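Here the structure of chain H is known, so what remains is to put chain S in place on it, guided by the hints.
There are 2 protein chains.
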Amino acid sequence: MSTTHQTAIESAHKRIKPFIHQTPLFSSESINQLAGATLLFKCENFQKIGAFKMRGAANAILQLKGNLSIKGITTHSSGNHAQAVALAAQKAGFQAKIVMPSNAPNVKIAAVKGYGAEIELCEPTLQAREDGVEKIISEFGFAFVHPYDNWEVIYGQATCVKEIYEAETNIDYLLAPIGGGGLMAGSILSTLVYSSTTKIIGCEPTGADDAFQSWKSGKHLLQTNPNTIADGLLTSVGLINFPIIMDNVSKIFTVTDEQIISAMKITYERLKIVIEPSSAVPLAVVLANKAFFKGKKLALILTGGNVDLRQLPFQ
Amino acid sequence: MSTTHQTAIESAHKRIKPFIHQTPLFSSESINQLAGATLLFKCENFQKIGAFKMRGAANAILQLKGNLSIKGITTHSSGNHAQAVALAAQKAGFQAKIVMPSNAPNVKIAAVKGYGAEIELCEPTLQAREDGVEKIISEFGFAFVHPYDNWEVIYGQATCVKEIYEAETNIDYLLAPIGGGGLMAGSILSTLVYSSTTKIIGCEPTGADDAFQSWKSGKHLLQTNPNTIADGLLTSVGLINFPIIMDNVSKIFTVTDEQIISAMKITYERLKIVIEPSSAVPLAVVLANKAFFKGKKLALILTGGNVDLRQLPFQ
Numbered sequence: 001m002s003t004t005h006q007t008a009i010e011s012a013h014k015r016i017k018p019f020i021h022q023t024p025l026f027s028s029e030s031i032n033q034l035a036g037a038t039l040l041f042k043c044e045n046f047q048k049i050g051a052f053k054m055r056g057a058a059n060a061i062l063q064l065k066g067n068l069s070i071k072g073i074t075t076h077s078s079g080n081h082a083q084a085v086a087l088a089a090q091k092a093g094f095q096a097k098i099v100m101p102s103n104a105p106n107v108k109i110a111a112v113k114g115y116g117a118e119i120e121l122c123e124p125t126l127q128a129r130e131d132g133v134e135k136i137i138s139e140f141g142f143a144f145v146h147p148y149d150n151w152e153v154i155y156g157q158a159t160c161v162k163e164i165y166e167a168e169t170n171i172d173y174l175l176a177p178i179g180g181g182g183l184m185a186g187s188i189l190s191t192l193v194y195s196s197t198t199k200i201i202g203c204e205p206t207g208a209d210d211a212f213q214s215w216k217s218g219k220h221l222l223q224t225n226p227n228t229i230a231d232g233l234l235t236s237v238g239l240i241n242f243p244i245i246m247d248n249v250s251k252i253f254t255v256t257d258e259q260i261i262s263a264m265k266i267t268y269e270r271l272k273i274v275i276e277p278s279s280a281v282p283l284a285v286v287l288a289n290k291a292f293f294k295g296k297k298l299a300l301i302l303t304g305g306n307v308d309l310r311q312l313p314f315q
Numbered sequence: 316m317s318t319t320h321q322t323a324i325e326s327a328h329k330r331i332k333p334f335i336h337q338t339p340l341f342s343s344e345s346i347n348q349l350a351g352a353t354l355l356f357k358c359e360n361f362q363k364i365g366a367f368k369m370r371g372a373a374n375a376i377l378q379l380k381g382n383l384s385i386k387g388i389t390t391h392s393s394g395n396h397a398q399a400v401a402l403a404a405q406k407a408g409f410q411a412k413i414v415m416p417s418n419a420p421n422v423k424i425a426a427v428k429g430y431g432a433e434i435e436l437c438e439p440t441l442q443a444r445e446d447g448v449e450k451i452i453s454e455f456g457f458a459f460v461h462p463y464d465n466w467e468v469i470y471g472q473a474t475c476v477k478e479i480y481e482a483e484t485n486i487d488y489l490l491a492p493i494g495g496g497g498l499m500a501g502s503i504l505s506t507l508v509y510s511s512t513t514k515i516i517g518c519e520p521t522g523a524d525d526a527f528q529s530w531k532s533g534k535h536l537l538q539t540n541p542n543t544i545a546d547g548l549l550t551s552v553g554l555i556n557f558p559i560i561m562d563n564v565s566k567i568f569t570v571t572d573e574q575i576i577s578a579m580k581i582t583y584e585r586l587k588i589v590i591e592p593s594s595a596v597p598l599a600v601v602l603a604n605k606a607f608f609k610g611k612k613l614a615l616i617l618t619g620g621n622v623d624l625r626q627l628p629f630q
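Chains as they are written, first to last, in the numbering used here: chain H, 1 to 315; chain S, 316 to 630.
If you're looking for bench data, these hints aren't it; they were derived computationally from the structure.
Mixed in with the good hints there might be a few duds.
[Said to hold, decoys possible] Some chain H residues well away from chain S (every beta-carbon gap over 10 Å; in silico):
no., residue
1, P18
2, E120
3, L121
4, K135
5, G141
6, D149
7, N170
8, D172
9, L222
10, N225
11, L234
12, F242
[Said to hold, decoys possible] Below, simulated DSSO-like cross-link-like pairs (lysine-lysine); rule was C-alpha separation at most 27 Å, straight line:
no., chain 1, residue 1, chain 2, residue 2
13, H, K91, H, K135
14, S, K531, S, K514
15, H, K113, S, K605
16, H, K251, H, K290
17, H, K297, S, K406
18, H, K17, S, K612
19, H, K290, S, K428
20, H, K113, H, K65
21, H, K108, S, K580
22, H, K135, H, K113
23, H, K297, S, K332
24, H, K199, H, K294
25, H, K265, H, K294
26, H, K113, S, K580
27, S, K531, H, K91
28, H, K265, S, K423
29, H, K265, S, K428
30, S, K566, S, K612
31, S, K450, S, K380
32, H, K296, H, K199
33, S, K566, H, K265
34, H, K14, H, K71
35, H, K91, H, K14
[Unchecked claim] Here's a subset of chain S near chain H, in silico, CB distances under 7 Å, partners left out:
no., residue
36, F361
37, P439
38, I544
39, I581
40, Y583
Being a predicted model, the structure only gives us computed values, none of them experimental.
Note that CB positions come from ideal geometry on N, CA and C, so glycine has one too.
So here's chain H without its partners, still in its complex pose (with noise of 0.2 Å):
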């Protein structure tokens, strides 16, 4: 099974390579001053399309190349899948169209426009996104690719953490959020694989905290109303993703949003760079848990840096 997982890993690395960036490690002395560990951040922010949803959108596209049954690719999003499935498209030579709701940030359609893809617009609830989709599949021969309960795709998000344990040896713990399940799951295979001593902590906001919901009591509890400043962590774990998650990760902790919003401060104030909300849940986690991170030496994804910056929430 592990070697199964390494081939497809190592096969989706080697795909991708030439359309995403191998993106840095940072650390600040003062943030590990502040909490007591050794903090090495995942720069996914500098990504392209801004997220690390590329890697996976680029593995499960580029496989489709050749087909001819294949007339282009769909797949409805309202944040970075869909940039990432329009731009991987792109690369391919695939047409896209993208079902985006109708209450999208126009930025965010933009961006998906501006690379090349076409939008249909949708009412913004997931019935009438996966009615888009089903119409699109079915009237054009389109292929669709779901943002992260789809083998490919996690083994496209594994790459990311393969690329810290490639850079940084004995880590004692991986965080990263969890929404869709497919970066968690992805780096639960990598960590296997790769890093086997290192320890998975997942991390979410209080008001999405389906994934911890689900492990305290070890059924599948689908997130419903979720109310958080992370959006990109509002759905809930996809049906792949969930038993890798429940079987390998060592604890998930939860953070209000202050406690996001503080640690995204001290993202932009100390690494100096752009990150989204979602991408400060890990740090929050880390400082809401000094004791339990005490002198542990810690790898952290920062998921992406597409953010309103006319809407930043610093008081």
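Here is chain S on its own, set in the frame of chain H:
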């Protein structure tokens, strides 16, 4: 002359290396497309204390180590030089007393205190600041480190551009902002030594354009009533720096605050990094003069990232 400069710059670099970061060069395909040129951004916003000022302060202060007649270090500054002197003095084992105007932001005062320096608040006038420093020199036997009109500070700043030429060759234009002129003079000296075919472009806000006016008129005009968002560039060019700049600059461009804010926003959005307004002046110059820079390879210094996050100027 040039050999003397080379020796001084290389000694400076060797001296300060343990105390500074070798900052990276960032680039962005989308900014290159927008500009129609190849832009390399030297990220001094990631430098210790968040600005290039650490280089010059460290070079000046480290050389005073072991001089028993010097009882401590003093300077006056409301901004990045204050933090740089405080941290460099701490690293060199000196006490520091920094004169700061009473209207300096609390966050900057706290940062200087955080590096172990004592603060003497004074009225927000140049006279009061200079009087404050005079008193500390005569009363306590402290040495004054001028923010820009000091050869060792200039040689320290020169190491920034030296790092650019070590990483990249065939740069057509080097662009840096001009405030007191320490960074610009140092950049010129390094260019003469390491990349003599590179042309130097000075960049100023229209609201603090004393170098531009001096360059046009051939006279050393002082800055009166500066009015610009680029708060690191309010001062007049210093006496040492003035002839170096006038003799070697290829051109000086000015840009409005509106253009500076727009370039700042592009930097946050595309490079995903936090910069202060002064850092955005060179990119604003490029975007306002696309025909001039078309197809060229440019290095732009991002001077610092110390900005009040609660008051970002994005609409």
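We went through each hint and held it up to the structure:
1. Here P18 of chain H stays apart from chain S, with its beta-carbon at least about 13 Å from theirs, past the 10 Å limit.
2. Against the 10 Å criterion, E120 of chain H stays outside the reach of chain S, whose nearest CB is about 25 Å from its own CB.
3. Distance check on L121 of chain H: its Cβ is at least 23 Å (rounded) from any Cβ of chain S, clearing the 10 Å threshold; non-interface status holds.
4. K135 of chain H, annotated as away from the interface, keeps every beta carbon of chain S farther than 10 Å; the closest lies near 32 Å.
5. G141 of chain H, annotated as away from the interface, keeps every beta carbon of chain S farther than 10 Å; the closest lies near 31 Å.
6. Distance to chain S confirms D149 of chain H as a non-interface residue, since its nearest Cβ pair spans about 28 Å, more than 10 Å.
7. With a least CB separation of 23 Å from chain S, N170 of chain H remains clear of the 10 Å interface cut-off, as annotated.
8. The beta carbon of D172 of chain H is kept farther than 10 Å from every beta carbon of chain S, the shortest such distance being approximately 25 Å.
9. Non-interface status of L222 of chain H relative to chain S is upheld: no Cβ of that chain comes within 10 Å, the nearest being about 32 Å off.
10. Remark: the non-interface label on N225 of chain H is consistent with the geometry, its nearest Cβ contact in chain S lying 30 Å away (cut-off 10 Å).
11. Listed as outside the interface, L234 of chain H is consistent with that label: its C-beta sits roughly 22 Å from the nearest C-beta of chain S, beyond the 10 Å cut-off.
12. Look at F242 of chain H: its CB is around 31 Å from the nearest CB on chain S, clear of 10 Å, so calling it non-interface holds up.
13. Taken as a hint, the K91 of chain H and K135 of chain H pair is honoured in the structure, with Cα atoms around 24 Å apart against an allowance of 27 Å.
14. At most 27 Å may separate the alpha-carbon atoms for a hinted pair to count; K531 of chain S and K514 of chain S meet this at roughly 18 Å.
15. Restraint check for K113 of chain H and K605 of chain S: satisfied, since their Cα atoms lie roughly 25 Å apart, inside the 27 Å limit.
16. Simply put, K251 of chain H and K290 of chain H have alpha-carbon atoms about 15 Å apart, close enough for the 27 Å limit, and the pair holds.
17. The straight-line distance between the Cα atoms of K297 of chain H and K406 of chain S is roughly 26 Å, inside the 27 Å bound, and the hint therefore holds.
18. As the CA atoms of K17 of chain H and K612 of chain S are separated by approximately 25 Å, the hinted pair is consistent with the 27 Å bound.
19. With a C-alpha separation of about 25 Å, the suggested pairing of K290 of chain H with K428 of chain S holds against the 27 Å cut-off.
20. Distance hint between K113 of chain H and K65 of chain H is fulfilled; the C-alpha atoms sit about 21 Å from each other, no more than 27 Å.
21. Proposed proximity of K108 of chain H and K580 of chain S is supported: the alpha carbons are some 16 Å apart, at most 27 Å.
22. A distance of roughly 20 Å separates the Cα atoms of K135 of chain H and K113 of chain H; the hinted pair therefore holds under the 27 Å criterion.
23. A C-alpha spacing of about 25 Å is found between K297 of chain H and K332 of chain S, which places the hinted pair at or below 27 Å, so the restraint holds.
24. Using a Cα cut-off of 27 Å, the hinted pair K199 of chain H and K294 of chain H holds, with the two alpha carbons roughly 15 Å apart.
25. A hinted pair counts as satisfied when its Cα atoms are at most 27 Å apart, and K265 of chain H with K294 of chain H qualifies at roughly 22 Å.
26. The straight-line distance between the Cα atoms of K113 of chain H and K580 of chain S is roughly 20 Å, inside the 27 Å bound, and the hint therefore holds.
27. Proposed proximity of K531 of chain S and K91 of chain H is contradicted: the alpha carbons are some 49 Å apart, above 27 Å.
28. About 16 Å separates the Cα atoms of K265 of chain H and K423 of chain S, which keeps this hinted pair within 27 Å; it holds.
29. Taking the CA atoms of K265 of chain H and K428 of chain S, the gap is about 20 Å. The hint holds against a cut of 27 Å.
30. Between K566 of chain S and K612 of chain S the alpha-carbon distance is near 16 Å, which keeps this suggested pair within the 27 Å criterion.
31. A threshold of 27 Å between alpha carbons decides the hint, and for K450 of chain S with K380 of chain S the separation of about 22 Å falls inside it, so the pair holds.
32. Straight-line distance between C-alpha atoms of K296 of chain H and K199 of chain H comes to about 11 Å, which keeps the hinted pair within the 27 Å bound.
33. In summary, the hint linking K566 of chain S to K265 of chain H is not supported, as the alpha carbons are separated by about 38 Å, beyond the 27 Å threshold.
34. Between K14 of chain H and K71 of chain H the CA atoms are separated by roughly 25 Å; this keeps the pair inside 27 Å, and the hint holds.
35. Between K91 of chain H and K14 of chain H the alpha-carbon distance is near 15 Å, which keeps this suggested pair within the 27 Å criterion.
36. Taking 7 Å as the C-beta cut-off, the interface hint given for F361 of chain S holds, the closest approach to chain H being about 6 Å.
37. The criterion of a C-beta within 7 Å of any C-beta in chain H is not met by P439 of chain S, whose closest approach is roughly 25 Å, and the hint is violated.
38. The restraint placing I544 of chain S at the interface with chain H is violated, with a minimum CB-CB distance near 15 Å, outside the 7 Å limit.
39. Below 7 Å, beta-carbon pairs count as interface contacts, and I581 of chain S has none with chain H, the closest being about 10 Å; its hint is therefore violated.
40. Hint status for Y583 of chain S: holds, given a least beta-carbon distance of 5 Å to chain H, under 7 Å.
In summary, the structure is inconsistent with hints 27, 33, 37, 38 and 39 from the numbered list given earlier, while agreeing with the others.
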